[in-house]
Amino acid sequence: SQQGEEDPQALSIQEGENATMNCSYKTSINNLQWYRQNSGRGLVHLILIRSNEREKHSGRLRVTLDTSKKSSSLLITASRAADTASYFCATDGIGGFKTIFGAGTRLFVKA
Amino acid sequence: NAGVTQTPKFQVLKTGQSMTLQCAQDMNHEYMSWYRQDPGMGLRLIHYSVGAGITDQGEVPNGYNVSRSTTEDFPLRLLSAAPSQTSVYFCASSYSRQVSGNTIYFGEGSWLTVV
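Heads up: the sequence lines are chains A and B, in that order. Note that our numbering gives residue 66 to position 66 of the first sequence, counting from 1, and the numbers run on in steps of one. Note that our numbering gives residue 81 to position 81 of the second sequence, counting from 1, and the numbers run on in steps of one.
If we strip away everything but chain B, and leave its shape as in the complex, we get (with noise of 0.2 Å):
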């Protein structure tokens, strides 16, 4: 079971290049989501879609965009890095969009460094 893949795992980037994380699920899993933590802070939500073609910002969508064209994928857009947007990157997928009560599946994240 592949379970949630992001790619890559490991990501340097200059201050104003853009990049683009990718996630893929293969569970059928209507909601997606992606998180970035950062140290003490716990996992703060930056969007979420709950289907194709449904997206939605979370705490922190600043500076990153995203597009649902299919159930399986979810990439997250870096429009133009900053080092503020140095972090660790999790996709997570839900069986159901309500993600409320259910089981949240993580992608083994990518680390993000922007100089």
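Pulled out of the complex, with its shape left as it was, chain A reads as follows (with noise of 0.2 Å):
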């Protein structure tokens, strides 16, 4: 079963605009990461937020984390042709040992 569901499914905006993605959990997590996939290759780390933050920034992404919520959203400004990718959540299973992958969110910037 799926911890983790992305929000939107797909995204198309243009070149310079904002996109902002959600995720949603169902239990309590101590971290949460976000991964981007471009087409036809492996994930790539991207971000980690602990459950003891409420926000992080890295270049032109930020994401937040809302554990009462138990949500988290992604946002990356100022998008660029090359963000086209998917963007997926991912949060810890029990024990630790597994880390559970939403569905992603489909993000097309278009030039």
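Derived by calculation from the structure, the hints in this document are not laboratory data. Here a beta-carbon is modelled for each residue, glycine too, at the ideal position from N, C-alpha and C. Hints may be right or wrong, so weigh each one.
Now the in silico label distances, taken between C-beta atoms and shown as ranges [claimed, not checked]:
| # | chain 1 | residue 1 | chain 2 | residue 2 | range |
| --- | --- | --- | --- | --- | --- |
| 1 | A | Arg80 | B | Met19 | 38 to 46 Å |
| 2 | B | Pro75 | A | Thr77 | 40 to 48 Å |
| 3 | A | Lys69 | B | Asp38 | 27 to 35 Å |
| 4 | B | Met19 | A | Ala78 | 41 to 49 Å |
| 5 | B | Gly3 | A | His57 | 22 to 30 Å |
Straight-line Cα separation of at most 20 Å, EDC-like style, residue types lysine to aspartate or glutamate; simulated pairs [claimed, not checked]:
| # | chain 1 | residue 1 | chain 2 | residue 2 |
| --- | --- | --- | --- | --- |
| 6 | A | Lys26 | B | Glu59 |
| 7 | A | Lys98 | B | Asp73 |
| 8 | A | Lys98 | B | Asp56 |
| 9 | A | Lys98 | B | Asp38 |
| 10 | B | Lys9 | B | Asp38 |
| 11 | A | Lys98 | B | Glu59 |
With the hints as a guide, bring both chains together as one complex.
Here is the structure:
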């Protein structure tokens, strides 16, 4: 069963606009991560946020975490065509030995 | 840096055949795992290992076997391929056996079609 669910499933924006993706999860977590997957490639780690953090930044990425609502959001500012990819949130599985991925948000940035 | 290397990249199998997907990492990571990715389903964990000689089941282990005889290698065996196993398979590794909170490094994927 999936722990995280991303919303929306797909998002299409113009270059320069901001893109916001959301992730909701079901059970308490210690950490939440976001990954990116370019078409036909493996996933690449973007950013990790711990349960005691509310916001984290990395370059044009901003991640928030609301543990009371069991949700996280990933904001990509000033998007570029090269940001076109699928984005996944990943949360802890039971015992800390598993990482559970959501179904992903497909982002398409039009030049 | 090679990172996580998977072979083969593409494979077509007939129903009932067996095969092994190879995975190797050169980062001395304790944790290794296999995921399958299907449209609209995200990645689902098949099996994982927290060190040489130690393996455990993930969400969808049926029809697959794994072993971890060395730190570097973590092959995935399909025992008797079925069309439902048509998928993209990803091998992944992480530094710590406690994968929670640690970056996971992925291979480039293996596209498997069972006819």
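If I claimed the Cβ atoms of Pro75(B) and Thr77(A) lie 40 to 48 Å apart, would that claim hold in this structure?
With Cβ atoms ~42 Å apart, the hint holds.
Given the range 41 to 49 Å, decide if the beta-carbon distance of Met19(B) to Ala78(A) lies inside it.
Holds - the Cβ-Cβ distance for Met19(B) and Ala78(A), about 45 Å, lies within 41 to 49 Å.
CB-CB spacing for Asp38(B) and Lys69(A) relative to the 27 to 35 Å hint
28 Å, holds
Satisfaction of hint between Glu59(B) and Lys98(A), Cα-Cα up to 20 Å
Cα-Cα ~10 Å, so holds.
Holds or violated: are the alpha carbons of Lys98(A) and Asp73(B) at most 20 Å from each other?
Distance ~19 Å between Lys98(A) and Asp73(B) Cα, so the pair holds.
Take a quick look at whether Lys26(A) and Glu59(B) sit within 20 Å of each other, Cα to Cα.
16 Å, holds
Could one say that the CB atoms of Gly3(B) and His57(A) fall in the range 22 to 30 Å?
For Gly3(B) and His57(A) the Cβ distance comes to about 26 Å; the hint holds.
Can the restraint linking Lys9(B) and Asp38(B) be considered satisfied, given a maximum Cα separation of 20 Å?
16 Å, holds
Please verify whether Lys98(A) and Asp38(B) have alpha carbons no more than 20 Å apart.
19 Å, holds
Pair hint Lys98(A) and Asp56(B), alpha-carbon separation not exceeding 20 Å:
10 Å, holds
The hint says 38 to 46 Å between Arg80(A) and Met19(B); measuring C-beta to C-beta, is that right?
40 Å, holds
Going through the hint list in order, the structure satisfies each hint without exception.
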